[in-house]
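Below are the chains, spelled out letter by letter.
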Amino acid sequence: MADDAHHGHDESFLRKYIFSTDHKVIGIQYALGALVFLLFGFTLVMLMRWSMANPNQAVPFIGGFLETLFGEDAQGGVITPQLYNSFGAMHGTIMVFLGIVPLAVGAFGNYVVPLQIGAVDMAFPKLNMASVWVYFVGGVVMFSSFFIPGGPAKSGWTSYAPLAVIDAASAGQTFWLVGMIFLITSSLLGAVNFLVTIIQLRAPGMTWMRLPFFVWAQFISSFLLLLAFPPLEAAGVMQLMDRVAGTSFFMPTGLVVSGEAYSAVGGGSPILWQHLFWFLAHPEVYVLILPALGIVAEIIANNSRKPLWGYRSMVYSVIFLGFMSFIVWAHHMFLTDMGVIISAFFQTTTMIISIPSVIIITALIISLWGGSIRFNTPMLFALAFLPMFGIGGLTGLPLGLSGSDIPLHDTYYVIGHFHYVVAPGTIFAMFAGIYFWFPKITGRKMNEFLGKLHFYPSFIFMNGIFFPMLIQGIAGVSRRLYDGGEYYEFSESILQLNTVMTHSAFGLLLAQIPFIINFVWTIFRKTREGEGTRNPWDATTIEWTDADSPPMGHGNFAVVPQVYRAAYEYSVPGSDKDFTPQSEPDSK
Amino acid sequence: MSVEIPYITEPRPDTGLTLAKLGVWLFLASEVMLFGAFFSSYVVLRAGNTWQDFAFGPAPVVQDAESDEGDEWAEEEAASDETEDADEHAGHDHSAHDASAHAADNAGSGHDDHADLHSPLQTAIPMATFNTIVLITSSVTVVLAYASLLLNNLGRFRFYFGLTIALAFVFLGVKYVEYTSKFAHGYFPATSPLLALYFTMTFLHVLHVIGGIVVLAYLVGPGTKMWKTNPAQFTGRIEAVGLYWHFVDLVWIFLFPVLYLL
Amino acid sequence: MSHDHSPEAVKKEVRVYLGVFGALLVGTIVTVLASYLKVSTALGIFIALVIATVKGSLVACFFMHLRSEKIMILAFLLLMLVFFVVLMILPIGMQMDTFTDNISP
Ligand code: HEM
Ligand SMILES: [Cu+2]
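Respectively, the protein sequence lines represent chains U, A and L. Residue numbers for the first sequence, in the numbering used here: 1 to 588. Residue numbers for the second sequence, in the numbering used here: 1 to 262. Residue numbers for the third sequence, in the numbering used here: 1 to 105.
Treat the hints loosely; a few may be bogus.
What the hints assert, rightly or not - Below, simulated PhoX-like cross-link-like pairs (lysine-lysine); rule was C-alpha separation at most 25 Å, straight line:
1. U/452 - U/577
2. U/526 - U/16
3. L/11 - L/70
4. U/445 - U/526
5. A/228 - L/11
6. L/70 - L/12
7. A/225 - U/126
8. U/126 - A/228
9. U/452 - U/526
No lab work stands behind these hints, which were simulated from the structure alone. None of these values were measured; they are calculated from a predicted model.
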């Protein structure tokens, strides 16, 4: 706030990079944290994939290390079912809450939103710093649970009770709950900050319908976080009470565990946990996807050199989508005898919510029509996002109808479906965003050749991993099987797909090497002659046209920009260049 | 480069709001959802149990390790059938049989003296009523403190704020007595769904009160400096913390009947 | 608070606060007394919740100044209220079949 103003160039390193209140530094802190966690979550899943393709065989190279770390659970360097469960639960948790959300909202949101709306910073810079630190603590708690006796949480990222509660022998689940409470708090602080920033700090002339679509996406995501996360926080507290204080919020009467009566008094409701969990977790999937849609919209408009087709309908769709996402959650619970009327209600709302998503994706596809498309790396990722998200979305429809969901529930079909949304979907959009805004952050574009070397193999391997999952799932292979379904007769004919997927996953890992090299190298290389122009992509939005790249320090703009026009005025007839910045006044 | 964030003291013309005001209201909206989840849980757990089971904890199912699931359920049904008549009258007339059964279940406590109770929280009603009045009063003093600032009367503001903090401590003190007496009677969070909700919800509320005390104490202590340098921003802060404090009061207004009286 | 921060207006507000304070005290006493009435459980719950809602509204409208608040905040709160109601109704609605035994007194 006001007192930050006096620190000019004499800021200490600590104040500038660690305890910074500058939204740009905070965005980068989130980005680095999230990228590390994404890589970690991916490593976990590599080990899981090894086990699925080669059950009960020692993990090559690092088997010994696993045994030292996990003892009995990794006896002989083998991924035991116990360990598989831990890794699965932590993979899901880390990817969602420590990877994608911090990257999509914490990093991109923090860095880009104030610049795109012409604000000097977020509305509450200190709160912003608090939120990144709370995130950090949550991450440490989650990560440290790998090193406690008994290992980390084992009950899936959904932590269904009673399973999650009766596993009292190890503290992993307790760590998970405490970690989640921190992560939720961090998101709530961030959400308040984003909402206030977007509502209050738009530059003069930046009306709601002139906002870049990315800002709209962040706005709605923040709303979802603000109102959907608290119930999970409450549920987390209750499950924590069940575990440490012996209460029975989620523990039914007469529960028998391993042939013995469970000690808690009972009277609780396991279904209650599912309600509170999915009340968050469905809106959460929109938090995972909306910022991705926002990034893709920016990049498609910029690289097809055309205004977004149907900007307004996209905005109305995203608002409607946000609203509807609160009343579809029980489509995850069709198997919990909910009665025909309620089930019909949720099937209907689920079908309805697919409409705005289709409108958005259709508008993006039509936006390409007749454009003079530049196939640079960000654009390739953005273009790949469209069909990948399309597959993810369409495979979701059968899961929204109880008739088809009941056989598909908890099979690999579900895993394939939502990974199409979040992995080749959101993750590709995240990559697109990184390539796109990298010159904003460093003043240097990333290398195109390495970028393409990153893109094409990633695209192939992503599909190599996730498409077979759909096939296996339809054949009936359950999720959460450490042996990939080896012992089921019906899965015999599709068992070799496990090898395909595992090899693809390994290929995907290798395909990230060019990215990492590119990333690090571009950070450290010198700026070339002619590089470091403000606006290397010839974009219209004010983060490019009115601020330097890399941006000046805390404060962003030399003069507060004045906005005169909509966000995507590309190729305006009669104009001498093919883009008209938002801050350019009408010539008349 | 200076970082002068606008609309800290002056409302933004098109929304009519300052940053702090909007921020606090959004925060409170998320708090409503937090407590809402607990109230929703209350409804689910209460409707999922007979009153007797809900308030005092279900009688344990007589356990036969060999029995299969079917038997389990059957026995549970039987157990709850027994208590059903008693629940018909939400009154004080549980059959001696039920009461003693429960006294035995909730092992080793002074339960028996209270076997005729309708609810384990019944004895706390006077204390809770008193606390309700304390909290309502503190809500009034906060808003009077804010009004005093508007009237430029810093001394009166200090007085009302101090009073608010004192009342908050009274609230905490009473809560402490209430908790200890519950423990002394053998009522713990694990005893029954009602008590689990009671302890969790009221403790969460207590945490909110403590958080409020910290902020109030800061603002009436070192934070008052700002009154000299930037009175508008200071008044804004008082208004914001006032909103929070009223919300804490508001939550209690619902907690009180739901937990103690229904 | 109304935009008018003139001393007279504030003093008038203060009288309103004290009036609301009185109403809240009365509401509290009435709830407690009502809980001793011999009415059916359902009616008892209904009475208690109505009184609590009235008290809560008084706090929100007067102490928190919602009655003269900006439209944007009211809109957000309305939205929150919708989701709050959803959160209260649906979990119970979904298990109604299982619960009806316990609810009807
Ligand atoms: C990109 C590489 C990824 C691969 C190869 C991968 C693979 C897998 C596999 C094999 C499973 C386990 C299925 C099972 O045993 O039941 C799984 C589960 C899961 N993944 Fe991923 N995943 C990836 C990325 C992501 C991302 C980006 C997210 C989230 C944003 C994510 C979220 C989840 C969740 C929530 C689960 C369920 C965990 C559970 O069963 O509780 N994954 N993934
Ligand atoms: Cu869903």
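Checked hints:
no.: 1; hint: U/452 - U/577; result: violated (28 Å)
no.: 2; hint: U/526 - U/16; result: holds (22 Å)
no.: 3; hint: L/11 - L/70; result: holds (22 Å)
no.: 4; hint: U/445 - U/526; result: holds (11 Å)
no.: 5; hint: A/228 - L/11; result: holds (23 Å)
no.: 6; hint: L/70 - L/12; result: holds (21 Å)
no.: 7; hint: A/225 - U/126; result: holds (20 Å)
no.: 8; hint: U/126 - A/228; result: holds (23 Å)
no.: 9; hint: U/452 - U/526; result: holds (22 Å)
Checked against the numbered hints given earlier, the structure breaks only hint 1 and satisfies all the rest.
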